[in-house]
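S.K.: So the protein sequences, as listed, match chains A and B.
In the working numbering, each number is its position in the first sequence, counted from 1, plus 2.
In the working numbering, each number is its position in the second sequence, counted from 1, plus 10.
No lab work stands behind these hints: they were computed from the structure.
Virtual Cβ for every residue (Gly too), placed ideally from N, Cα, C.
Incorrect hints may have been included.
Claimed, not checked - If you want a taste of the chain B side facing chain A, the calculated C-beta under 7 Å gives, among others: (1) ARG20; (2) GLU223; (3) PHE227; (4) ALA230; (5) SER233; (6) VAL246; (7) SER253; (8) GLY278; (9) GLY325; (10) ASP328; (11) ALA331; (12) LEU333.
Read off the chains here:
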Amino acid sequence: MDFEDTPDEAAWRSTVRSFIEEHRDELGQRRDQRSFDDVVSRQRQALLYDGGLVGVTWPVEAGGQGGTPMQQAIIDQEMSRAGVPGLINLIGIGMCGPTVIHHGSDDQKDRYLKRLLRADDIWCQLFSEPASGSDLAALRTKAVQTEDGSWRISGQKVWTTLAHLADYGIVLTRTDPDVAKHRGLTMFVVPMKAEGVTVRPLRQMSGGADFNEVFFDDVVVPDSERLGDVGDGWRVALTTLMSERLTLGGGGTEIGMSASTVAEHVARQIGGLSSDRQALVRQDFGRAYVDTLGIRYTGYRLLSAISKGAFPGPEASAGKLAGTKVARDLADLSVRLLGDDAAYAETADGSSSWQDAQAGLPGMAIAGGTNEVLRNVLGERVLGLPAEPRADKGITFKESIR
Amino acid sequence: MNFDLDDEQRDLASAAGDFLRGAASPADARAMLDSDDPAGAEPQPGRAALVSSGFATITVPEDLGGGGGSLLDLAVVAEQAGRVLAGPSFVGYARAAVLLAGDDDRLRALADGSTSYAVVDGDGPTLDAVGADRFLSLRGDDLVCGPGTVTTRAPMDPTRGLGQVSVSDGDVVATDARLRWDHALRVGRVVLAAEGLGTAARALEIGIEYAKERQAFGRAIGSYQAVKHSLVDVYVQIENLRSLVWWAAWAADQAPDELPLAAAAAKGAVSTTLQAAAETLIQVHGGIGFTWEHDAHLFWRRAKVDRFLLGDDVGAFDEVARLALAAAAAVEAESVGAAR
Ligand SMILES: Cc1cc2nc3c(=O)[nH]c(=O)nc-3n(C[C@H](O)[C@H](O)[C@H](O)COP(=O)(O)OP(=O)(O)OC[C@H]3O[C@@H](n4cnc5c(N)ncnc54)[C@H](O)[C@@H]3O)c2cc1C
C-alpha cells in the first residue's frame, strides 16, 4: 500500500503542473467564475486539450491518448490545486463522448470526438423530460422514421444543462410505443442549431441559468445520426449513465465545496467567536472534515482498483451520495460563519461566493440520479436487496401510460 | 498510488477470520452477560489463545517472539476480531508493543503470554483491566509498569473487560515518555477503529440477510425503501470508515506526520459508524431486534461503549478540526508572507 506516484505518474504530474504554471494567466481562477462564459471557457478547454490535458483516457482514434484513469486523476488534482476552473464540456467528455465511442459509427467518431474534446463543439445530454426524470424509460419524445430513412423527432426535454450553448446533443427518443417501455427507445445525435429545435433557459434556484427546456418540433435527423440500433436505446443510455456515475462522485473528487477552502475560511473566522461558539464550530467542522477524508480515501481505493483493471460498478455512486451530503454541511457551516451577513444573499462588502455555493448544492442531490434513486441502485446492485415491485412490468409503454 | 491490501494481507485476514470464527462468537459475548459475574467473566478466545495464535502480537519484533509485522497487518486482523466480538481487544497488545519498545524482556513476556498487560489512562475505565497482571501507566512523564488493583462495576459490554485500576508503585520503563505515550494511544485508536469496522460490517451483513428473508405486507422488507436506504446509508459510512482505518494504519507505519489527523479521524468515524450500524441492525429486525435472545444488542453494546474508549468521539472531532485548521492557517500565513 502506498500513496506515492510511480515514476511514470510523477513524471506525468510534473508535466501537468508545469503546463498549468506556464499558462496560469490564460487559465483563470475558479473563484472568479460564477457561470460559464462561452468564449473564454471554450478557449480554456482548447488550450488544455492542445496541451494534452483533456481526454487522456480516451482512445487515440478518438482524439485521446489511451492513458490511464490515474493520469486523469492527477490532472484533476493539479487543476484543483491550482484553482483552475472546471471544463465547460464536462457533460460531453463524461457522458456524451463515451456513448459515441461505444455505440457510434466510424464516421460519427471522426466527425465529433476530437472537436468535442477541444470544445470546438459543446455537447448536452437530452434525457430528462417533464414526465420522466428518475423513471427515464417512461420518456415520450417521439422519433418516427420517414420513407427516405431519416427520422423526425418531436417532444420536449427539460433540465438540459448547457443546451443554450451546446452545438450537439444526444437525445433519447421513443421509436416504438407498442413494446415494453425499455424496449422501444432509440438514441440519436442532434445538432442543437437544427431547424425545429427551440431552447428556453430555465432559471435555477441559485439565480443562474445553466439548464434549459428544449423543444423538438419535427426535427429531421438523418439515419446516420443514430447511435446504436433501433430499439436498443436503453442499452446505449446505460453506457451514458455508467460513465456519468464515474464522472460524478468517483475518484473521491470533492463536490461543490473544497474542504481545504472551507478550512481556510474557518481558520480565518473562528478567532472572532466566543469560546463556546468556537467549540461548536470545531465540532461541526471536525465531523464534516472526517467525512471528506473518508470520501477522498475511498476514491483512492476505487482509483487503485481501476488501475489494476477493475471496472467501476454501481458502488461508485456512494461517493456522490456522501459527497453531496458533506458539501451541504460544509456550505451551511461556511455561511453561518459570516455572522449577520449569513441572512443575506451577499456579504456587506458584496461577496456572494459562500451563499452561491450553498444555493447550488440542492441540485447536486438531484442531477445525475437523485439520492433516492442512487440508494435504490446501491441497495439492489451492491447489497443484493430485493427490487421493488413495479407496476409497469410486463406491459407495453402504451398500456403503462393509460 | 496503490491504496489496497496486498495478497499477503488478504491471506492474513482470511487466516485470522478462520481462527477467530472458530474461537469466538456473539454467543460467547452473551454467555458473559448471562454469567453470575459478568464483570469478571472471561471473554473468548481469551488471552492465551490470542497470544498463541500469534495474531495479537503481530507488531512485536520477530526476534522477541512476535510477528514482526506492520500496524496495517494488525488492523486487518483486528477487523476480523471485531466481526465476532472477540476479547480481549487487540488494542491493548498494540499499545503495549509500542510502549515497551526497547524493553526486550517485557516484550518477550508480552509475546509469549507469560505477562498480561493493560494500559491505564488516568482514572477512567481501563480496557481489558480484567485479567491483566501488569499495568502500564504514565507517572509524570515517566512510563511505569507494575501491579495494580482492579475495581469492576456492572458492565454495559462485558467483552471489553473494563475496570478502574489503581496502580501500585511500578518500575520505570522509560523516562520522558510523553511522545511515546501519545503515539501508542494513536496506534490504539487505529486498532480500536479496525475492530469497530469489523463489528459494523458484520452488523450490516446480518441486517441485509434478515431484510432479504423477512416478509411484511406480502414482500421482503428489504424491498421497502425505508429499510433498503437505511442499510445503504450504513454501507456508505462503512466503506468510508474502511478507507480511514487503512489510511491511519498506513500512516502509523509509513507517515508518522499524518498519524495524529488520521487516527483522530478514524476514531471519530468509527464512533458514529458503529452506532449507526448497530442501531440500524436493531431497527431492521423490529421487535425481535429488541429481545435479549437476538444478537443485535451485543453489537449495540460494543458501539455504546467503544465510543468512550481512548477518548470520546466529541474529542476526536475536535482534534481533527484543530489539526486541519492549524494546517489551513499555516498555508494562509505562508501565502500572505509570499505576497509581501
Ligand atoms: C442541476 C441539474 C442539472 C441537470 N442536468 C441534466 C441534463 O443535462 N440532462 C438531463 O437529461 N437531465 C438533467 N437533469 C435532470 C435530472 O436528471 C432529473 O431531475 C433527475 O433524474 C430527477 O428527475 P425528476 O426531476 O423528474 O424528479 P422525479 O423523478 O419526479 O423525482 C421526484 C422525487 O421523487 C423521488 N423518486 C422518483 N422515483 C423514485 C423511486 N423509484 N424511488 C424513490 N424515490 C423516487 C425522487 O428521488 C425525487 O425526490 C438535471 C437536474 C438538475 C437538478
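S.K.: Run every hint past the structure and note whether it holds.
M.R.: Here is how each hint holds up against the structure:
no.: 1; hint: ARG20; result: violated (12 Å)
no.: 2; hint: GLU223; result: violated (10 Å)
no.: 3; hint: PHE227; result: violated (11 Å)
no.: 4; hint: ALA230; result: holds (5 Å)
no.: 5; hint: SER233; result: holds (4 Å)
no.: 6; hint: VAL246; result: holds (5 Å)
no.: 7; hint: SER253; result: holds (3 Å)
no.: 8; hint: GLY278; result: holds (5 Å)
no.: 9; hint: GLY325; result: violated (10 Å)
no.: 10; hint: ASP328; result: holds (5 Å)
no.: 11; hint: ALA331; result: holds (4 Å)
no.: 12; hint: LEU333; result: violated (9 Å)
Of the numbered hints stated above, those contradicted by the structure are hints 1, 2, 3, 9 and 12, listed in ascending order.
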